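Peer 1: Please build the complex by placing chains B and C on the supplied structure of chain A, with the hints as guidance.
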Amino acid sequence: MTETQTLERPVEAKTKFNLIDCDIHPSMKTPAEMHPYLSQRWRDHLATYGGHTRQGLSETLSHPRMVPEVSRVDSWPPAGGPPGSDLPFLREQHLDGLGIDIGVLVPLRFNASGQRHPDFAAAIATAINDWQVGKFLEPEPRLRGSIVATQEDPEKAVAEINRRSSDKRFVQILLPPRSIEPLGKRRHWPIFEAAVSHGLPISLHVGGVGGHQATGAGWPSYYIEEHHSQVQTMQSVIASLIFEGVFEHFPGLKISFVEGGFSWLPAFGWRMDKAWAAMRDEVPHVKRLPSEYLKKNVWFTTQPMEEPNPAKNLTDTLNWIGTDRLMFSTDYPHWDFDDPRYAFKVPLSAAEKTAIFAGNAVNFYGLN
Amino acid sequence: MNEMVRSLGNEPGLSTIGGIDCDLHPASPATTTLLSYLDDYWRETFIMRGVDRMSLAMTASPPRAPINVRSDWKAASGFAGDTLEAVRAQALDPFGTRLAICNVLHGSMIMHSDDMAAALCGAVNEWLAREWLDKEPRLRGSIIVSAQNAELAVAEIEKRAADSRFVQVMILAQNDEPLGRRRYWPIYEAAARNRLPLCIHAGGSNRHAPTATGWPSFFVEAYVAQASIFESQLLSLIAEGVFHKVPDLKVVFAESGFTWLPSFFWRADKTWRGVRAETPWVTEQPSDIVKRHVRFTLQPVEAPLETDALARTLDHIDCNDILLFSTDYPHAQFEGVNALSARFGETLAKKILIDNPLATYPRIAADFRKEAAR
Amino acid sequence: MARHVIAKVDELEVGKSKLVKVAGRDIALFNVKGEFFAIANRCPHEGADLCRGQVVGLAESDEPGKYRMTRHGELVRCPWHGWEFDIRTGKSWCDPARTRVKSFDVSVAKGGALAEGPYQAETFPVSIDEDYVIVEI
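Residue numbers (our numbering), protein chains in the order written: chain A, 18 to 385; chain B, 6 to 379; chain C, 2 to 138.
These aren't lab readings, by the way, just hints derived from the structure by calculation. Since the model is a prediction, treat every value here as computed from it, not as a measurement. There could be a bad hint or two in this list.
[Claimed, not checked] In silico lysine to any residue, SDA-like type, Cα no more than 25 angstroms apart, as pairs: (1) A/Lys304 to B/Lys250; (2) A/Lys329 to B/Asp313; (3) A/Lys312 to B/Pro309; (4) B/Lys250 to C/Arg69; (5) A/Lys313 to A/Tyr359; (6) A/Lys329 to C/Pro45; (7) C/Lys17 to B/Ala282; (8) A/Lys313 to B/Leu315; (9) A/Lys362 to C/Arg43; (10) A/Lys312 to B/Ala314.
Here chain A stands alone, though its shape is the one from the complex (with noise of 0.2 angstroms):
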């Protein structure tokens, strides 16, 4: 076996931040919160019938997490509410605690793509949009917003995202990685048309009701799976987004896969290079090795860190991957956290760690 590689990668590390969070829960002390949002006709509808997702529990994910709202122990806000829903605390422990200078939010709460009534879908986004600003980026400058729209309504998505292009503290687009279709299927590139004319970064964050299994092999038993199934899920939504054409049609697109992980990237590339160079006549508006989109079109986010045994071993990864593609995350106030000072059991360059920790984001939400 060789010597495990020194990183060597020209990284870009000029930013004035020092610490950018790209992954920060935020959540409500009541689903009443919405309701300031939402038109009286939609508060009705919330009321009398609630979520009507595509799985068969209405008020809860399909496996139950190990912990409590699937949060750190040590994140319920003293003042009372779930974690993630007061912003004093989320301050002190979170933003001041870790010293971030920047965070951008995904909020997750009622699913609107997945939502199956599409008129209460667009109703939930737009709610949830305004009760990001309201509620966080009003009042707290360090935080930043991303853009809830309806995946499966394309033109409604398009209609949301267009209304808040204009308000700067909105950095992204956001996606659920679980849809009625791969997101590279051509009904949904009105979104990626919109993401570029409006210079907007698409974030794909774990999770999603799109109604199939959560793996290609079919419902697993146990949330030690479901949790993996992510990764599988990642895949198969970069293998759409690579095969359907997108980053051709779309070359300046650009998007992030949060929570996912990343150590299985590299092996995922070499396979769909091998796969595409025996069958690109079936897919002949390809033009690259898919491996070279990887490069060009996609980011990661770092958590959950990926803890290999020896823990080396992960430069080699990140050697493959190249450092200008991770972003760090901490999933707070979520159980898998990850706490930047300790995230990363192998030695990173000076300028590696600006580029992972902050420059890699500010270029990708065009932050400077």
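Peer 2: Chains B and C only, in chain A's frame:
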């Protein structure tokens, strides 16, 4: 770019003489060919219903897709490996293969009627014994079964196990449910009881979408997704406690790829530490369970040629026991006869070619012992 | 090695934990069914406060589908990633050889007895009739 594409498959190889090829595909039989191996109910109703005129090829492995038929092995029929002569001339002789395991990819495994599936699987197995194994001593067989009805699968395993040339049980990677689930356990117990590893081969029923995001448009996408399905199956087998329940079970992943293993290990081991109370029968980290119980056929080797990625990946896997030589004939995974990349090195090559298959397949090991005693 | 008075026995209920700072260290003190145990507070993985973790039993199994809960209240799950540590030894359940936190000797003594020995009561006055938790560092 064309240079790069060629380089994905063309590289120096090591000698494979005397090796055990653990994944070889004779072309699947035409349905008419199977009629004489079916009982009179199925034979007559198949003719009545026109089933005998139907191809039972699967969407998960279209036999004419470029990945499934290497162009220089393709016969005038558009298929490859459809005669014993072709298999001898293209797959056994050039590689110097000592033994090869025939994995027949056939739609019998995915029929919706449990009974029809069982009848067809039985016919394919009988056909394999009569038309291939009887005629070529270098060939061994996999007992194909439909996993969806464990009782019928067990009956076929018990029946076929008497023939020692069948060295493993084979099912497909995608089934109705993840393969760790308890409905499938009788199959694993029957396999272990008969000293037969369980081979899980790429492919599947497509009764539900092959990804959690729905149906991909292109075959190349679906082919790529097979590795994702294997990852899910691997974790299912571990989390459900299959290897705790059937400690003698060996599982062989065929045409799954293996370079995704390090990443799988890292995440599964880490998550297990946090959530293991959910499955308290899993008392070891998942990677250790895999290294003891699961084997992977060599092809496809998915790592770029121009870097040390493969060597680093093997170092990450950190287990020389888990790869089993395969050509995946007639699938297009490499060029020429370079089935075993020089990147593996001579020492590991011997493990892959002979030692690991012998440690995995008790029936083949017994043959070797008998032959050595002679 | 010095002995430090770190808590009154009746201030920590059964099943509860408390952070104590003593001799420059952060120590997580647990009351397990009336017995006191002290381990280093910092999780060796990413530094979370073990004193904030859920105190749980040990989930075990003889075979898939059979569940058994034993050693009630003797493990703490890290409040972040849920790694289980044995409160009695500081060893992690999944990787006892390599992932562990320091465990400290703890004893209980009457306030009256404390006057006789070389104890350090750093944070509060000791009264003769009450029981105290003492840790050796």
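Peer 1: Determine for every hint whether it applies to the structure shown.
Peer 2: Each hint tested on the structure:
This hinted pair does not check out: A/Lys304 and B/Lys250 have alpha carbons roughly 49 angstroms apart, beyond 25 angstroms. As the CA atoms of A/Lys329 and B/Asp313 are separated by approximately 16 angstroms, the hinted pair is consistent with the 25 angstroms bound. For the proposed pair A/Lys312 and B/Pro309, the alpha carbon gap of about 15 angstroms is at most 25 angstroms, so the pair holds. Between the alpha carbons of B/Lys250 and C/Arg69 the distance comes to roughly 17 angstroms, so the proposed pair stays at or under 25 angstroms and holds.
Of the pairs offered as hints, the one joining A/Lys313 and A/Tyr359 is violated, with about 29 angstroms between alpha carbons and a cut-off of 25 angstroms exceeded. The suggested pairing of A/Lys329 with C/Pro45 holds, with an alpha-carbon distance near 18 angstroms, which does not exceed 25 angstroms. Using a Cα cut-off of 25 angstroms, the hinted pair C/Lys17 and B/Ala282 holds, with the two alpha carbons roughly 21 angstroms apart. For the suggested pair A/Lys313 and B/Leu315, the alpha carbons sit about 23 angstroms apart, so the restraint of at most 25 angstroms is met.
A threshold of 25 angstroms between alpha carbons decides the hint, and for A/Lys362 with C/Arg43 the separation of about 17 angstroms falls inside it, so the pair holds. Taken as a hint, the A/Lys312 and B/Ala314 pair is honoured in the structure, with Cα atoms around 17 angstroms apart against an allowance of 25 angstroms.
In summary, the structure is inconsistent with hints 1, 5 from the numbered list given earlier, while agreeing with the others.
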